[in-house]
Each structure stands twice: as C-alpha cells, then as structure tokens.
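Those protein sequences? They're chains B and Y, same order as listed. To convert, note that position 775 of the first sequence is 775 in our numbering; the numbers rise steadily by one, no gaps. To convert, note that position 48 of the second sequence is 48 in our numbering; the numbers rise steadily by one, no gaps.
FYI, nobody ran anything at the bench for these hints, they're computed from the structure. Quick reminder that beta carbons are idealized off the backbone N, C-alpha and C, glycines included. Don't take every hint at face value.
[Said to hold, decoys possible] Result set (BS3-like, lysine-lysine): computed pairs, CA atoms no more than 30 angstroms apart in a straight line: (1) B:K656 to Y:K29; (2) B:K365 to B:K491; (3) Y:K5 to B:K225.
[Claimed, not checked] Covered by chain Y, according to a simulated footprint, are these stretches of chain B (three or more residues, beta-carbon under 8 angstroms): (4) 725-731; (5) 874-881.
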Amino acid sequence: MTDNKIYFKFDGKKYGGNKGDTIASALLRNNVKLVGRSFKYHRPRGIYTCGIEEPNALVQIINEHNEPNVRATVKKIYEGMVVKSQNRWPSLKRDFGSVNNLLSPIFSAGFYYKTFMGPKGFWKNLYEPLIRRTAGLGKPPREFKSKSTHLHHNVDILIVGGGLSGLLAAKKLAGTNKDVLLIERENELGGILKNSNKVKSINDQEALEWLEKTERLLKNSANIKILKNTTVTTYNYSNHLTAIEDRLVGIEPDNKKPELILHKIRTENTILANGHIERFLSFRNNDLPGVMLAASFEKYVQRYGVVPDNNPVIFTNNSSTFSLLKLLIDRNCMPKAYVDVRDVKKIERETLDLLEAHNIPFYPKSEVEGCDGNNEIKKISLRTKKNKIIKIKASMLCVSGGINPDIHLFTQSKGLVKWDEKILTFKPEKSFQKTITLGSVSGNFIFKKIIDEVSQKLNFIDGANDLDLKIEVNGSEEFNIKEIWETKNNKKSLWSKSFIDLQNDVTTKDLTQAIKEGFDRIEHLKRFTTNSMGTDQGKISSINALGIVSKLLKKSVSEVGTTTYRPPYNPVSFSAIAGRSTYEFYDPERKTPIHPWHLKHNAVFEDVGQWKRPWYYKKFENETMNEAVQRESKQVRESAGILDGSTLGKIEIKGKDALEFVNMMYTNSFTKMSPMSAKYALMLGEDGMVKDDGIVCKINDNHFITTTTSGGAANVLSHMEEFAQTEWPNLNVYLNSITEQFATFNISGPKSRIILSRVFNNIDFSNHKFPYMTFNTFDYLNYKVRILRASFTGEKGYEIYVPPKYALTLWERIFYYSRDVDLVPYGTETMHLLRAEKGYIIVGQETDGTVTPLDLNLNWMIGKKKKDFIGKRSLTRSDIIKGDRKQLVGLIPLDKSYGIEEGQHVIEDKNIPSQIDKPIKMLGHVTSSYFSPTLNHSIAMALIKGGNRKIGSQIYVSTSNMNVIPVEVVKPNFLDPENKRLLS
Amino acid sequence: MLLIKCPYCGERDQSEFTNGGEAHVTRPKNPELETDRGWAEYVFIRSNPKGIYYERWVHSHGCKKWFNAVRNTSTDEILLSYKIGETPPPIKKFQNRLKSPSGEPDVGSGNFAVKKP
Numbered sequence: 001m002t003d004n005k006i007y008f009k010f011d012g013k014k015y016g017g018n019k020g021d022t023i024a025s026a027l028l029r030n031n032v033k034l035v036g037r038s039f040k041y042h043r044p045r046g047i048y049t050c051g052i053e054e055p056n057a058l059v060q061i062i063n064e065h066n067e068p069n070v071r072a073t074v075k076k077i078y079e080g081m082v083v084k085s086q087n088r089w090p091s092l093k094r095d096f097g098s099v100n101n102l103l104s105p106i107f108s109a110g111f112y113y114k115t116f117m118g119p120k121g122f123w124k125n126l127y128e129p130l131i132r133r134t135a136g137l138g139k140p141p142r143e144f145k146s147k148s149t150h151l152h153h154n155v156d157i158l159i160v161g162g163g164l165s166g167l168l169a170a171k172k173l174a175g176t177n178k179d180v181l182l183i184e185r186e187n188e189l190g191g192i193l194k195n196s197n198k199v200k201s202i203n204d205q206e207a208l209e210w211l212e213k214t215e216r217l218l219k220n221s222a223n224i225k226i227l228k229n230t231t232v233t234t235y236n237y238s239n240h241l242t243a244i245e246d247r248l249v250g251i252e253p254d255n256k257k258p259e260l261i262l263h264k265i266r267t268e269n270t271i272l273a274n275g276h277i278e279r280f281l282s283f284r285n286n287d288l289p290g291v292m293l294a295a296s297f298e299k300y301v302q303r304y305g306v307v308p309d310n311n312p313v314i315f316t317n318n319s320s321t322f323s324l325l326k327l328l329i330d331r332n333c334m335p336k337a338y339v340d341v342r343d344v345k346k347i348e349r350e351t352l353d354l355l356e357a358h359n360i361p362f363y364p365k366s367e368v369e370g371c372d373g374n375n376e377i378k379k380i381s382l383r384t385k386k387n388k389i390i391k392i393k394a395s396m397l398c399v400s401g402g403i404n405p406d407i408h409l410f411t412q413s414k415g416l417v418k419w420d421e422k423i424l425t426f427k428p429e430k431s432f433q434k435t436i437t438l439g440s441v442s443g444n445f446i447f448k449k450i451i452d453e454v455s456q457k458l459n460f461i462d463g464a465n466d467l468d469l470k471i472e473v474n475g476s477e478e479f480n481i482k483e484i485w486e487t488k489n490n491k492k493s494l495w496s497k498s499f500i501d502l503q504n505d506v507t508t509k510d511l512t513q514a515i516k517e518g519f520d521r522i523e524h525l526k527r528f529t530t531n532s533m534g535t536d537q538g539k540i541s542s543i544n545a546l547g548i549v550s551k552l553l554k555k556s557v558s559e560v561g562t563t564t565y566r567p568p569y570n571p572v573s574f575s576a577i578a579g580r581s582t583y584e585f586y587d588p589e590r591k592t593p594i595h596p597w598h599l600k601h602n603a604v605f606e607d608v609g610q611w612k613r614p615w616y617y618k619k620f621e622n623e624t625m626n627e628a629v630q631r632e633s634k635q636v637r638e639s640a641g642i643l644d645g646s647t648l649g650k651i652e653i654k655g656k657d658a659l660e661f662v663n664m665m666y667t668n669s670f671t672k673m674s675p676m677s678a679k680y681a682l683m684l685g686e687d688g689m690v691k692d693d694g695i696v697c698k699i700n701d702n703h704f705i706t707t708t709t710s711g712g713a714a715n716v717l718s719h720m721e722e723f724a725q726t727e728w729p730n731l732n733v734y735l736n737s738i739t740e741q742f743a744t745f746n747i748s749g750p751k752s753r754i755i756l757s758r759v760f761n762n763i764d765f766s767n768h769k770f771p772y773m774t775f776n777t778f779d780y781l782n783y784k785v786r787i788l789r790a791s792f793t794g795e796k797g798y799e800i801y802v803p804p805k806y807a808l809t810l811w812e813r814i815f816y817y818s819r820d821v822d823l824v825p826y827g828t829e830t831m832h833l834l835r836a837e838k839g840y841i842i843v844g845q846e847t848d849g850t851v852t853p854l855d856l857n858l859n860w861m862i863g864k865k866k867k868d869f870i871g872k873r874s875l876t877r878s879d880i881i882k883g884d885r886k887q888l889v890g891l892i893p894l895d896k897s898y899g900i901e902e903g904q905h906v907i908e909d910k911n912i913p914s915q916i917d918k919p920i921k922m923l924g925h926v927t928s929s930y931f932s933p934t935l936n937h938s939i940a941m942a943l944i945k946g947g948n949r950k951i952g953s954q955i956y957v958s959t960s961n962m963n964v965i966p967v968e969v970v971k972p973n974f975l976d977p978e979n980k981r982l983l984s
Numbered sequence: 001m002l003l004i005k006c007p008y009c010g011e012r013d014q015s016e017f018t019n020g021g022e023a024h025v026t027r028p029k030n031p032e033l034e035t036d037r038g039w040a041e042y043v044f045i046r047s048n049p050k051g052i053y054y055e056r057w058v059h060s061h062g063c064k065k066w067f068n069a070v071r072n073t074s075t076d077e078i079l080l081s082y083k084i085g086e087t088p089p090p091i092k093k094f095q096n097r098l099k100s101p102s103g104e105p106d107v108g109s110g111n112f113a114v115k116k117p
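Just chain B, same shape as in the assembly:
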C-alpha cells in the first residue's frame, strides 16, 4: 500500500485509519457511530468520549491475547488488527438481546435480587447461566499468553500528568538536584494544549510550539525521566504509587516482548497534575449513538484531525464549550444550534458575539429534552425558555455538564475533598500525604492562575526555576456554570429512559426507586442500583448521580457525600499484576537429590508445600494408587522399604543455652537425655495446641538437631526465632535451617538391618550397639553420614543423613546391595498407611490447631518435671482438662472389609432421618482411614468427644451416600502394640 493508511477490521469490515488513531477516532473517520450494545438492555451505543473515561465504546480485540472490554477511545490501531463489538447476537445492528429493552419496565433496580428468589436450585441451574449469557461484556482469553514485567522506581518527585500544569511543574524542577519522574497517560505530552484550542499562546508562542520547546528542554534535563503511555492506577500509603505502561501502543502483540510494565514508584513528594474529566447530563435517550461530550468532540478535531460531525448541536450549562464553538466556526462547520441552560445575562460576551456574528441558532435558558432515532440520533428535541418543545434535525449532540477535577488518585491517597459551590464539584481540600495538586485537578480552571499556583506550591523546593511566563487564552478566563443534572422529560412512557450510568444501564428512575425503597445512603444506593460500578467507575457520571440524589433527598451534595474511590483508577490487566510470576515462575518447585531416580521408576508425585514428593510408584502401567500402596506397605512389613525423606525440615540449634532453649520449645525433657540420643518431640503453641512434631537429636548440651514436618519447616524456624529474639534475647542460642544440607533416607522393615550392614560394613547395627533412638556420625567413602535409628512405620528402621551431592549414588548403592533382598521404594501414601497402623499422628491430619497432646493421649511426651515450656500452662486450663474434649481413637468397622471415608462424621445414633428438623448430634470426625493389607481389614482414626471413655463401645460413621456404618471404638494402635517389631 502506498497511502500510509493503517487497515483494520471492525465486525468483519475493513477500515483505514491514520497512524496514531485510536479505534474510536479511526471509526469516526469512517463515519461509524454504532459500536456496541449496552450491558443490560442491549441498547445501541456509540462513542461517548475520547479517552480513558469511556463508558460505552468497549470492544473485543481478537488476537492471541484476546483482550475483552478494551476502550476503543484508548487503544490505538495497528495494521491487521481485528476488532469485534461486544454483547450482541447475531449482529450489532440486529441484536436479539434488545428484547430486554422492551421488557425494561420490569428490569428496574434490584430486579435480579427480587425476582430470582426461588424455587430452590433454580438460581444455580437456570437463572444464573441464563443471565450470564445475556448480560455481560467481552470474552476473556482462554489461555494466559501475555507477558508483562515489573519495574521499581525511587524518586524525589513524581509528577502525574504531562499536561500544561505537569509540564510547568517539570520545567520548574528541570536542572535541580531532585530526581523527577513525569508520567503521561497519552502517547504525547501536552494534555489540554493538544486536546483543545483553549490556550492561544504561551509567551507569545503558539501553544504547540511552546510544548515542543518545553519537551526538548525536559528531555535534556538529566534529572527528569518521562514515561509516556503510562497510567497511574493506584496511590497507596507512604507515597507508593503504581502505574501501568503499555508497551504495545499501535503495535501487534509479540509474545517475546513485555506487553505491559507495572511501575512501582516510591516518591518523596507526589505532584498530581492529572487534570479533569468532563461530565455528561441526563436527558431522554442520552445514550443514543451521536451523543458525545463536548470536550471529547473538540479533542477528536484537535488531536486526531477527525470531525465527527459537521453540524452538531451543542448543549451546555457552562462556559467551557466556547472553545468548541470557536473551533467549529474556524473550520467553517456551523453548529445546528447552541443550547445553554444559563440565562443570557450569565453567558460570556465572547460566546454571544460569536453566535451572533455567524448567525447560529441560539437557545439560552433552554435545555435538551431528549433525542430520537433508531441506531443513531435523527432529531433533537429542545425545551425553550418559554417551555416550548422544538425539534431539530441533527445527527450529533455535544454535551457538557461541567468539569470535575479528577480526584480519584487524590482520594486514594486519603486526601480530603470539599464541595465547591462555585464550580459545582468536589475539589481537593487537604492532603494526607506529601501530595501537591496542580491545575484543574486542584479545582483551578483558570489558566492565568496556573503559573502562580505552580510557583507558589513548588517554591519550597531548593533551586526551583522561576516561571516567567504569560498565557493567553481563547475566550473568557472565568469559569461559570449553572446547576442542572437532569432535564425535564416530555414523554411519560414507561419505556423512556434517561441514563445516569451508561455502562451499567442505570437510569435516573432507578435512583428514584432506590431512594423510595430506603436505600438513601450513597454507598447503599450505589450497590443496589450498580451505579458507577462498571469498569469506567462512573468517571463522567458519578457526580451527576450525587447531584440527582441530593435533590431527591433535599440535602446538599456535601451531606450526601461521595462513595469511596478505590484503586485501581482504571481497569488493570491481570497480566500486569502477575508480571513474571507465571507458570514455572509462579511458585518454585523443590526437588530432592533423588528426584531423577523417582522419575525413572515411575513415581507419581504429590505436592507437599513446594516439594515434589513421590506419592507412590507404579510398578506396571495400569497399577492404581490403591494397588501400589497395598503392595508397597505389605513389602515394607515383610521385607524392607525405603522412603526419600529429604524434604523433612531440619534445624540446627547451637549455643551455650541450647539445652535451655530446646527445653522451652518442646514438651519433652532433654536435660537427662544422653548425648547422641534422640527423642520424638512435640512442639506446642502458647495456647497448648500441637503445632509441630519431630525428632530432636542431642549431640551435646550446646548442640541439637531437630527435624520438622516437611510443610512446617519455615514456620517452625520462625516460631523459634521469634521466641529467641523477643522473649529470651539473653539466651545464647543460634538457629539455622539445614534442610537442604542433608538428604534423608528412611529405611525400615525386618530386613533393614541386613541391608545397612552390607552397605556400611564397618558399622555394627546390632541392637546392643545401635539401640532404638540413638544416632552417630560415620566416615563413609570420602564423606560423612549420620545414621539415626528411628522409625515412622513401627518396623525396625534407620534414617540416613547424607550430603546431597553424594545422595543419589548412595541411594543407588543401597539398592545394589539389596539385590537379593526385597527392598521396595515407597511413597508418602504408603508412609501414611504404615504409620496409621501404628496409630502415629500426622500434624495437620490428626491435628487442626485445636488439639492438645492430652487429646492425642500423648501425655507421656510431656516433661512432667519441667517447670515451664511453651504452652505448658495452657494444658491445665479448665477447658483443656475437660473429659469430654475430642480425643483420638481408633475405629474398626464391624464389617471389617467396609472402607470408612476420611472426613466423615462420627455419630452416636444409627438413624439419620430423611427429613432433618434438628441438628444430628455429632461426636467428631474421621481423620485417617485405610485398608491394612497386613491386618487384612479397614482401620481408621477419629477425633471424637470423650473418646477415651468410649473405647470398646459401638458407634456409627456416616457415609457420603447418606448411610451409616457401625464401628467399634478401639485404642488407636492397630498393629504390634508391644513394639516388638520396632525394637527387634
């Protein structure tokens, strides 16, 4: 192509736009006015604004990222872009859903809440899916492909907004020793200088000439950094702001490059120069395509060179529309009419002169009653001074309902705003943080005063430049406005609508009705009507809603107050928030040194915290988990098994006071314990509840090594650190996590001793030399191993601690030496079954933070002679010693083959009535349940009320198919209660 046009598709049709065009400006260039259907009533909607505040023109971009709800007024086109309108079927012009508009008299505020109440189950199965299909916006992408990243900034001064006042502030700070970051939302600096012809000249230079010079000056200032295409979305405490930079403006997405950058900015001072947003007015059919805000119309002409309509009608209640009038006349586009709510005496001289000179139909003290047309405006109906209705043929209406300082960020910063009766809007009153507002965001709409304002507010900065400037403007300097929020409707039809929130389809009638129903507080009213709850957050309309409500309640707007402005300022893509933390970078995976071996031997993995642990090993292709677990556990009991326990948390405790510290942290007593021996130990919280368990190895009184549960290692270390640092800083004790310094293998089973004697042939593993719960360190090849005799299976067992670099070789060596012995690798599920047969608990399965050692019948683990340990005093609280607390028991079903389900309720009564009037008395719940291949029957553990007293009795366990099974309560130790296997 040679015509420099950028071609894109909208709803299948090809259009050409200019470089720098947004979707909206390009569509207007092609005279397309209908761009979407509304949320609830499926009414035709057009382009209402020319920026971030757009409520209507939301479109879907079809590409790899499939972006929904893109504001056509912001997104720039690129070659080959595919754009689709949203919320319509089968097509934009003939939309089936518009039947909702016919039904609209019944779709008033609170309709869904009131209507879809019953019968039971209908909401989930019928109403919700149906509503979701008809109401709604675009379609989200199926797969997350977008790449974004995060950047941090620490600056002295952040300037939000590169418009006139932002530029003046930056100019004042150029060359100073302050680090300045200037953030501009658009792709070019300039703001009002680019968007309107309001400013005639600065220092006798054309506004755009001055802009160019100033930008050059700022670019050459080493202390100023400028970010364009970047929107500040959040203003947090401690002057921390976040901004999203769009890196793909006018460029097709590329999966190799970041699409968005989330800037996290920490600054000493924040200068808010983020300007203002024009508001609309409510009148009949104020949503018809063809209605546009006046300043937006002006922006399309000035910035994009698109005249959306040659002869629009202008409707205003304030002085700001003069510049649009002048611009149109300068371009020889004569407005069809100029309608001003104000009395002719209040209207500026310049406006009156211009209207008169060009013979433009002028209606002072009049208002737009409504407009009519099918898919766009055909006629505009006016109510004149004398209350007469006049119809004007026109296809576009430019509306200005006043100007709102864009206080969103300012209130996010916790600043206080105040209603200004003169300009009829909220403006910043008092900053909470080091926040300075400049220009129109501070409520200063008078250009000549901006220089003074900037000088005055920034003079505290050392070395700030003087601003010796003179601004000339087009039209009157003063801002004048008359209060009006809604015009009088001439049609009393049930179907006539005057909107207050275009995106959520909220009408002014909904506001009236909500107040009638008692929702007269603004926060309630907002939630009941969904006013200003769309993705645009009512940027052009929320103040209007306050105005209407204040009139209905006969209160001042101040008394009505505003709803809370919450971050983000505008919709933020999840891609930006996620940054690089996606897929494999989202959460680290921790793998043990034996991981490659597990993979080779068909391990199925289980996530334990961040660890990947073998759950079970598939011996053959179709082996189920149940089959594998039965096989593995039987083999451990009959021969020997090996478990990769490297994930076990390990903490080293050293120091002169290590013994005293360990005595305080665990329930057991370690004082009389001989060096090189170990103890199974319990850790409690100060509330007496079991927090963790593990094995404490005592090397000597100044040196201990403890193990923790795999998932609890970090918490246990920080729990210990907390007490060491805050409660007993006087104790000489040092803590260190050594989890990853040692790989750990647990070998257990009757043949474990034979295997180890072969691998470590210089060590005597006999009971006499190496008794249960002792450990030692041995030289092996060219490194050291620590071997501990302990067991979590109830079989004779050993734990081997080995430096990770030698771990895999040693693991393979063990298998090599057990060629003729049946050594089985087993996973966590088999480990759970084996320990359940012995009634050993798992913290987090048998306990849930409400279980004490007494409830678990682990009284023997409490050092009775110890004066104190964490949680000791709580164990004698009246509630803890009550006999009917839930206690750990074993359950065996009377029909021994029947499996009990984990998590099921334990109940006393065998009858569950089909109709339940009263709650059934619950005794507790099942914590673990397995089928034991060694015992050849089902076993379960449960926490039940007064469990110890119920041993020997018969109770019931519910099932998921509304049945009960009778079970016998037994002591939770099903296999080898005398520990013959363990100690052999």
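Dock chain Y against the given chain B, drawing on the hints supplied.
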C-alpha cells in the same frame, strides 16, 4: 504499601516484613502461678486500639530480625521503629493528628472522603 524502617537495615517496602501483633506483651515469669484468667490475658487478649499502637514486626525477607514499631491504626502511619529491648516513648508523646469532632482524624481514616460542610 507502607514504607517500614527496619532498625537494622533502614527503610524497606512492607512486602519484606511480617506483622507480629502487639508489642510489649511480656510472657509471665512464672506461668504456673498465673490464674486461668491471668494466663488467658497473656495468650489471647490484645488491646486493638484505634489510634496509637505498639506492635512487633519481623524483617522476614531481609535480616530476619524482630523489632517494634509504633503505628497509628486509623491512618496506618508508622511513627517510630525501635529495637527489641528499647523503651519507646509513652503514647501521649504521639499526637493523633487532625482530630475531627467524632474523635477521628479527619483525613486518612478512610471514612470521610468529604469535608463536612
């Protein structure tokens, strides 16, 4: 996000820290002599004021040191941070600035965005 001053490392982002609840809750010297009520006061009961609050923080993604800080809970301003074992100034040294008639600071509390007429 708050900017918190670790007494050992200096000012860092809040995301590096973990809050540890009320500060200066001393563990009784002789727990066995405490009544059930007295012990429960130590284990469960915290002051939870609106206003000046002494609390513990740990620089969990940094030096891992515990320290104390004074925070205004209604405005989230952190007014001071100090090492464990140091004695902080009394509450009255910290002004609950900008009081409104309701006793609430008129900015920063999040409850009143609009200045009362």
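Against the structure, the hints:
1. B:K656 to Y:K29: 21 angstroms, holds
2. B:K365 to B:K491: 21 angstroms, holds
3. Y:K5 to B:K225: Holds. K5 (chain Y) to K225 (chain B) sits at ~27 angstroms (cutoff 30 angstroms).
4. 725-731: As far as the stretch 725-731 of chain B goes, the hint holds, because 4 residues have Cβ atoms under 8 angstroms from chain Y.
5. 874-881: holds (count 3)
Hint compliance for this structure: no hint is broken.
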